[in-house]
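Enquirer: Sequence:
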Amino acid sequence: MQKIKPIVRNLKKYRNSLFFKAKFLYTKYYESLPLKENVVLFESFQGVNFTGAPYYIFMEIYQNEEYQTFQKVIAVGSRYLRKVENFFHARGMDDVKVIVRNSKEYCNLLATAKYLVNNVTFPAYFMRREGQIYLNTWHGTPLKALGRSIQNHPADIGNVQRNFIHATHLLFSNEYMFQHMKEDYMLDDLYHGEYILCGSPVNAVFYHPNEADRLRETLGLQDKKIVVYMPTWRDKETNKKHNKQFFYIMHMLYTMDRMLSEDTVVLVKLHHMGMRNIYFSDFEKIQAFPEDYETYEVLNMADALITDYSSVMFDFLNKDKPIFLYVYDKEEYMRGRSMYFDLDALPFNQSEQIYDLCTKLNQLSHVQDTKEVKKTFCPYDGPNAISNICQYLFLNRKNSRLKVISSTRYDSNKKKILIFGGTLKKNGITTALNSLLCNIDTKQYHYFLTFFTKAGEENSQFVYHLNRDISYIPLKGAKNLRWKEAIAQYLYFRFNWNFGWIMKHLKKMFQRESYRLFANNSFDVALHFSGYERKIIHLLRACSKKAVIVTHSNLLEESKLKSNVHIPSIRYAYQYYDVIATVRDGMRDEIIKHVKWVDRNKFHLLHNLNDIEGIQNKAKQEVIFDTDTECNISLEEFKQILESDAMKFINIARFSVEKQLDLLIKAFMKYQEQYPNSYLILIGGYGPLYREILELANQAEHVIVIKSMSNPMSVLNCCNLFILSSLYEGLPMTIMEALILKKPVLSTDIPSVRQFLANKYGMLVENNLDGLYQGMIDFTEGKMIKPEVFDAFTFNQQALQEFYDIIEK
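If you read the sequence shown in UniProt numbering, its first letter stands for residue 1, the second for the next number, and so on.
Treat each hint with caution, since some may be false.
[Stated by the list, open to error] With a Cα cut of at most 20 Å, we get these calculated EDC-like pairs of lysine to aspartate or glutamate:
1. K224 <-> D320
2. K21 <-> E37
3. K416 <-> E802
4. K415 <-> D441
5. K507 <-> E31
6. K666 <-> E802
7. K425 <-> E630
8. K546 <-> E533
9. K244 <-> E332
10. K742 <-> D778
11. K742 <-> E613
12. K83 <-> E291
13. K114 <-> E31
14. K414 <-> D189
15. K743 <-> E788
For the record, the hints were derived by calculation from the structure and aren't laboratory data.
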């Protein structure tokens with residue numbers, strides 16, 4: 001019954017979830033229907049409204065006779081359908097076709113319309129088909145950092161980056177925007193279309209003053225000074241019971257209503273969640289932003305703009321009218337946010353107090369000197385920007401005002417190496433991955449790290465601090481499926497069935513998934529670095545010319561103790577991958593015992609590297625706990641213990657069964673009966689046995705358990721002996737880290753460690769309680785032989801050469 005539950009759950013989702021159903025419909029239409037040559041599908045802001053560049057491009061081809069053969073369709077979210085239909089009805093445009101995003105008709109057109117126009121992203125299931133022309137205009141010159149430059153959320157780029165690399169044309173309105181978007185979404189060697197530098201379609205409206213005058217008359221504002229207020233929405237406060245932004249804005253509006261001159265009217269445009277709580281009937285000079293017009297049509301008649309951190313400030317430069325930044329929360333807002341440059345570098349009036357702002361607004365005659373900043377942010381803007389881009393996109397006519405740059409100009413011509421990094425959690429594999437990325441030569445190859453978006457979000461600082469020469473691709477969204485593939489996937493991953501019909505559909509499914517995630521990019525080498533994730537095994541085979549799986553331990557043996565190993569997928573990798581990289585000598589023979597048919601020539605040695613300088617530097621740092629660190633004693637007490645002359649043993653490992661931490665605790669309890677002035681410190685990133693180990697530690701004396709610590713080296717450096725108590729291992733990084741810090745090592749006698757410590761780097765003991773106990777006694781009593789010095793630099797050079805040999809072989 002348990003195995004049937006996922007089927008029932010997904011059938012319910014198919015029936016009740018428009019988005020879930022859309023994935024299946026879209027895939028069906030994508031693979032079965034022909035392209036519709038003269039159909040254009042427009043979408044903006046993920047269907048929340050229909051504004052911005054897509055709106056203006058739509059209006060150009062709707063009104064211009066040259067495009068009358070084109071069928072034009074607008075997609076919006078279901079809750080906004082009536083609003084958009086009414087918008088066009090009010091303009092006498094009843095023939096405009098508006099459809100619901102994720103609906104059956106939407107999936108059909110997204111898969112078949114030859115032309116696609118968007119200023120944000122299409123859904124995660126979208127993948128441009130051969131022959132489609134996709135223009136992404138984005139929606140403004142950024143002040144706030146985007147992509148990999150977002151310090152707190154560098155992995156939250158997956159669907160934007162994915163949409164960009166599927167596009168055929170990316171439109172940017174200035175070189176500043178072009179460079180930041182290209183670099184922060186890591187488009188070099190990934191994007192294979194054209195960059196178009198030209199005037200922003202939304203800014204062309206500013207060059208039609210007669211339209212502004214007509215709208216003033218229509219709204220009865222011809223004798224007024226019009227100020228538009230468009231602040232950034234504080235999305236982090238959206239769900240708070242008391243929204244600070246709302247209270248500030250209400251105070252601002254009441255003050256402006258009282259202080260501004262009688263001939264001034266302020267048009268307020270907030271996020272819809274903020275607008276719904278404001279009663280504009282309470283004011284005389286404050287009005288709601290007119291919703292019967294596109295945003296920039298209204299902005300075109302403004303005499304001044306008030307904003308804060310919004311990119312609208314750069315667009316409004318075209319008006320040569322005053323721009324005011326009301327930044328009442330400047331210090332707080334900037335904290336934790338990344339900006340491309342200091343707000344103070346802009347020549348706009350800034351106010352943190354509403355009274356100061358009102359005083360400046362009453363003196364609108366003062367014109368700011370914006371010539372230089374306008375050159376930077378509006379170099380291509382002009383009255384013909386919309387017609388220029390439409391002629392190029394739909395009629396293939398190039399205009400001298402368009403600067404078209406082929407992405408091939410930025411191709412590095414390096415081999416492209418894709419590395420799947422695993423969970424990125426604080427464990428040995430992530431440590432090994434980081435050490436590899438710190439040592440590789442980025443001049444020779446272009447490396448792309450890939451990981452699930454959730455893993456990147458949970459370990460954002462690992463992602464943010466990656467070498468800027470290493471690109472990354474977060475894996476965003478679920479696979480697009482046909483029903484037969486859904487059945488095949490279920491039988492394979494749930495029941496381990498792998499006969500011909502199943503494997504045929506799986507192959508097709510993962511080939512499609514490779515295209516959905518990476519567009520038409522194929523990687524010269526794909527390296528499954530963690531070696532565990534079952535679906536990644538199949539994905540990397542589908543997207544690469546050479547596939548490599550790294551085996552950090554004997555997974556076929558490990559599967560007897562742990563349920564996270566999918567044996568059919570491991571066997572698939574051993575059969576169809578080009579290289580099986582083992583992290584130590586001897587592992588090849590251990591694997592072959594289980595799969596005698598595997599080709600011996602596929603095996604290559606790939607030792608894990610060490611970030612030597614990083615380990616040594618971290619060891620010197622102060623001992624600190626992270627925000628997510630859990631420990632059974634306080635930090636202050638822990639520091640006192642580390643600084644004391646007590647004997648301190650340490651183990652660094654995840655809290656799982658093969659680490660035998662319970663055995664180590666019991667051995668220490670026996671040891672402590674003889675040497676009470678001693679401590680055992682256990683540091684782990686995660687693991688299913690954490691609660692059990694913590695409970696056992698709390699029953700003992702002087703056993704310290706720490707969960708989630710980004711820098712355990714500072715603790716290791718204070719300890720007397722590193723103890724490895726595992727039942728089995730590959731070749732643990734922690735042993736080498738201890739040796740780099742010149743700490744003695746004691747380990748249970750297991751094959752992998754035995755081979756390494758045979759170089760006299762440490763002491764082996766029997767793999768049981770008495771063995772660990774006696775090892776601690778022998779160390780304390782000076783009976784442990786002085787270990788040889790571990791030459792980490794030579795070891796790294798050898799390991800790095802092993803890595804390059806695998807890439808080039």
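Enquirer: In ascending order, which of the hints set out earlier in this document are inconsistent with the structure?
Expert: Those not satisfied are hints 2, 6.
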